[in-house]
Structures are given as structure tokens and as C-alpha cells.
Amino acid sequence: MSLSGRLDVIFAEQLRNHPEGHALYNKVSADHLKPGTCGFFDEKGDWNVIEQLCDRETWESDGWIGIPEQLRTETDFGIQWPVKLSESAKGYEIDVDVNLKPPISGGINIAFKSSENVGAVLITDPPVERKRLKRDLPALDWVLQNTRKLLDHWPEILSRGLWIVTKTYSVKRCANAVLTAKDDEAKISIQASIPDVANAVPSATWWKQGSHGSWNIYTDDSGIVVFMSGIQCKVGLVRRSKVRKTTRYVQRTFKR
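Count along the sequence shown starting at 1, add 200, and that's the number in my numbering.
Misleading hints may appear alongside valid ones.
[Said to hold, decoys possible] With a cut-off of at most 27 Å between alpha-carbon atoms, the simulated DSS-like pairs for lysine-lysine come out as follows:
1. LYS372 to LYS290
2. LYS372 to LYS349
3. LYS349 to LYS244
4. LYS382 to LYS290
5. LYS290 to LYS227
6. LYS367 to LYS434
7. LYS434 to LYS334
8. LYS334 to LYS349
9. LYS290 to LYS434
10. LYS367 to LYS334
11. LYS227 to LYS372
12. LYS227 to LYS244
13. LYS334 to LYS244
14. LYS227 to LYS434
15. LYS227 to LYS313
16. LYS313 to LYS290
17. LYS313 to LYS372
18. LYS244 to LYS434
19. LYS334 to LYS372
20. LYS313 to LYS434
21. LYS349 to LYS434
22. LYS387 to LYS313
23. LYS387 to LYS227
24. LYS313 to LYS367
25. LYS334 to LYS227
26. LYS227 to LYS367
27. LYS387 to LYS290
28. LYS349 to LYS367
Simulated from the structure, these hints should not be mistaken for lab results.
Let the sequences and hints guide you as you build the complete structure.
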């Protein structure tokens, strides 16, 4: 690999040109990362849930200071996407050895290549489901009211930050890859009939082919989150004396 760094960070950075939000490289269930969730990403890029703010009964029983109103979400179904590519990546149909061809009709073999030293590819099985929080300010107020307890129970958020999730896009099946060198190829077979690879929408069945790139293929009937957005919070402490501490809260937004 000619590129160093965490692949989840590289993947998100490479797909920042897409408007859906922060792209996720690691597998995260839509049951664990959904609008109204408060949590953080650890040093490996894995998602950690602190509380589901839409579940009023749970956070009240856990002893948190409450939200005066019930958080509500809305869902859009049936969204379809073409292949999501970084600005430097392109896809094209290829021929492979007859012994490697997939045993399905309508299957095409695609290679993705980057014109730069890095690139990213995301393929999703339709349909895509979008969920969003109708109002995010009550969730932000919850963090403000519970900052001290959050820091007491999860001190790692001092360095990792804190997310309030406001929107997610999820699918039941997806594949992603990071291209790690110029002209590096990632090959995959998908079932699609559209000759324009850039606009091809995969359906039903895919599988890996031999590749210099690294494919992750994820499946989950509950849904896999491929993009998320929300309010990213930086929480810090200011010590005024040896025995007294106060909290300082700074809000940062990311593609709300």
C-alpha cells in the first residue's frame, strides 16, 4: 500500500463531494446509528452508542435530565443511487477469464481505478432508506443539560468528540473499497444491465473478484448505515480550582 492512514478516515474524506453526509467505511447497523442517537466514534472508527434520545423511557430510567418534548423522525423509502465514487475514481466494464465469470445472467464485471494516489468506491443495493430527525435543537439541549454526566461516564469524548445523529442513509447490502495507489484497480461483478457504469444501479447479487483493492461487502436485514450527518460536539473541561470544575461546551456542525 502506497498510502498510510486509517481507511475509514480516507474513505470519508474521499466521498466528501457527495451531499448525503459523512460516509461510513466500517459496518454500522441502522439499529445502532439512527436519528436521535447520541454517541461517538472510537480510535478504530467504530461507533459507540451512549443513548437513544428518541427512546424516552430508556433515558429517563437511566437517570438523564429530560427533554421536554418527544423527538420525532421521518423516513423516506425507495431511493436509488448509482455507484458513489470519489472525484478521482472512474469505473469501466471489463472482460475477465471465462473461469472467473459469475454464473448469473445479466452480470457485468467492473473495474474501478483512481487517477490519483487515492480513491473510494461505494456500491449500494437498492432501495436506500433515508431517516431524519424533524427537530434537532431538543437533542442539543439534552447534551447541554447532561454534559457533566456524559464526561463522568465517557471521558473518552474529551478527545473523540460527541455526535448527535440527525440523518442517516441505510441499505441492506453494500460494498466499499479504498483505492490505495494511482491506477490501482478494484474489480467486482454486479448484476446490472446499464452500459454506463457510472450510472449503473446494482441489483440482488454481487461477489468479489480478485483485486489489488480491498472490498468490504456487508449484509444486514436491519440495514447498514452508509452515510450519516448530525451535530458534532466538542466537550471540554475548565478547572477553576482543585475541588471545583465547570464544563465548557462548543458546538460544531457537519452537514446538518
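Results of checking the hints against the structure:
About 25 Å separates the Cα atoms of LYS372 and LYS290, which keeps this hinted pair within 27 Å; it holds. Restraint check: the Cα-Cα separation between LYS372 and LYS349 comes to about 35 Å, which exceeds 27 Å; the hinted pair is violated. Proximity of LYS349 to LYS244 is assessed by CA-CA distance (about 24 Å); at most 27 Å being required, the pair is judged to hold. Taken as a hint, the LYS382 and LYS290 pair is honoured in the structure, with Cα atoms around 12 Å apart against an allowance of 27 Å.
Simply put, LYS290 and LYS227 have alpha-carbon atoms about 24 Å apart, close enough for the 27 Å limit, and the pair holds. Of the pairs offered as hints, the one joining LYS367 and LYS434 holds, with about 19 Å between alpha carbons and a cut-off of 27 Å not exceeded. Restraint check for LYS434 and LYS334: satisfied, since their Cα atoms lie roughly 23 Å apart, inside the 27 Å limit. Between LYS334 and LYS349 the alpha-carbon distance is near 26 Å, which keeps this suggested pair within the 27 Å criterion.
Taking the CA atoms of LYS290 and LYS434, the gap is near 36 Å; set against the 27 Å cutoff, the hint is violated. This hinted pair checks out: LYS367 and LYS334 have alpha carbons roughly 9 Å apart, not beyond 27 Å. Restraint check for LYS227 and LYS372: satisfied, since their Cα atoms lie roughly 11 Å apart, inside the 27 Å limit. Between LYS227 and LYS244, the direct Cα distance comes to roughly 12 Å. Compliance with the 27 Å bound is thereby established for this hinted pair.
Taken as a hint, the LYS334 and LYS244 pair is broken in the structure, with Cα atoms around 30 Å apart against an allowance of 27 Å. Restraint check: the Cα-Cα separation between LYS227 and LYS434 comes to about 24 Å, which is no more than 27 Å; the hinted pair holds. The straight-line distance between the Cα atoms of LYS227 and LYS313 is roughly 23 Å, inside the 27 Å bound, and the hint therefore holds. For the suggested pair LYS313 and LYS290, the alpha carbons sit about 6 Å apart, so the restraint of at most 27 Å is met.
A threshold of 27 Å between alpha carbons decides the hint, and for LYS313 with LYS372 the separation of about 26 Å falls inside it, so the pair holds. Proposed proximity of LYS244 and LYS434 is supported: the alpha carbons are some 19 Å apart, at most 27 Å. Pair hint LYS334 plus LYS372 holds up; C-alpha atoms about 24 Å apart against a cutoff of 27 Å. Annotation: proposed proximity of LYS313 to LYS434 is violated, straight-line Cα distance about 37 Å (limit 27 Å).
Proposed proximity of LYS349 and LYS434 is supported: the alpha carbons are some 15 Å apart, at most 27 Å. Restraint check for LYS387 and LYS313: the C-alpha separation of about 9 Å stays at or below 27 Å, so the hint holds. This hinted pair checks out: LYS387 and LYS227 have alpha carbons roughly 20 Å apart, not beyond 27 Å. For a cut-off of 27 Å, the pair hint linking LYS313 to LYS367 is broken: about 30 Å separates their Cα positions.
About 25 Å separates the Cα atoms of LYS334 and LYS227, which keeps this hinted pair within 27 Å; it holds. A hinted pair counts as satisfied when its Cα atoms are at most 27 Å apart, and LYS227 with LYS367 qualifies at roughly 17 Å. Taking the CA atoms of LYS387 and LYS290, the gap is near 12 Å; set against the 27 Å cutoff, the hint holds. Distance hint between LYS349 and LYS367 is fulfilled; the C-alpha atoms sit about 25 Å from each other, no more than 27 Å.
Hints 2, 9, 13, 20, 24 from the earlier list are contradicted by this structure; the remaining hints agree with it.
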